[in-house]
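The task is simple: from the sequences and hints, build the whole structure.
Those letters in the sequence shown? Residues 19 to 217, by our numbering.
All the given hints hold, so there is nothing to weed out.
If you anchor each label on the Cβ, the simulated ranges turn out as follows:
1. Ser114 with Lys35: 29 to 35 Å
2. Pro40 with Gln206: 42 to 48 Å
3. Arg149 with Asp21: 36 to 42 Å
4. Phe26 with Asp128: 14 to 20 Å
5. Gly125 with Phe213: 37 to 43 Å
6. Ala37 with Gln206: 30 to 36 Å
7. Gln31 with Asp171: 23 to 29 Å
Calculated directly from the structure, the hints in this document are not laboratory data. Bear in mind the structure is a predicted one, so any value in this text is a computation, not a measurement. Heads up, the beta-carbon is just placed ideally off N, CA and C, and yes, glycines get one too.
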Amino acid sequence: MADYAMSFERLGQWISKRARSPTLRHPRATSLSMLDGAVAAVVAGPVSMASEEWVCPLLGVDPDAFNHDTEEFSAIAATLMRHNAISETLSTRPESFEPLFVRSPDGEVDPQPWCMGFYAVMKLRLLVWSRLLPPNGTEHLMLRPILVHCIDDAGRPLLPPARRTLGTQPIIQNAWRNIPATVEALRQFWMPIRFKRGA
Numbered sequence: 019m020a021d022y023a024m025s026f027e028r029l030g031q032w033i034s035k036r037a038r039s040p041t042l043r044h045p046r047a048t049s050l051s052m053l054d055g056a057v058a059a060v061v062a063g064p065v066s067m068a069s070e071e072w073v074c075p076l077l078g079v080d081p082d083a084f085n086h087d088t089e090e091f092s093a094i095a096a097t098l099m100r101h102n103a104i105s106e107t108l109s110t111r112p113e114s115f116e117p118l119f120v121r122s123p124d125g126e127v128d129p130q131p132w133c134m135g136f137y138a139v140m141k142l143r144l145l146v147w148s149r150l151l152p153p154n155g156t157e158h159l160m161l162r163p164i165l166v167h168c169i170d171d172a173g174r175p176l177l178p179p180a181r182r183t184l185g186t187q188p189i190i191q192n193a194w195r196n197i198p199a200t201v202e203a204l205r206q207f208w209m210p211i212r213f214k215r216g217a
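Now the structure itself:
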């Protein structure tokens, strides 16, 4: 796979170019940060997913692209290598997992693209994520550091104002700091279910 994969930096350029194309199918992941969040959701989520199920919409490619030595396949290979790297990190050194957040030149963190990528994968299998979605359920708190940064298709915050606070404090400013631990907690939460289904 590594022999065919483009570099991760090149993948970012490829995604950006494809997202602006007037003729090609647009990727749901429009940046490396968004792709990284999506891949983290695949790794930490409730079910194993066939590569074509999540890679194709994220990159805006057809399943047939897996069968040809093209630039699209090189992008697929790079995406799958990122999947393997995140999976390896969460399996062996979860404390070292670092989401690829967008950072401004002055160091400000923008977690929204990463979180929107995570949510894009959730939406592919929303029913299996449903156990965490009821806002009054304690399990919902696991998703809150991610969902607080997400918007719906109309551009509105995904969480209502009452869910965007903890007590009287807005949680959005520092919620991104909890995302690495959140991803590992989600992985641990789903692991018994995920492997039971695969048996």
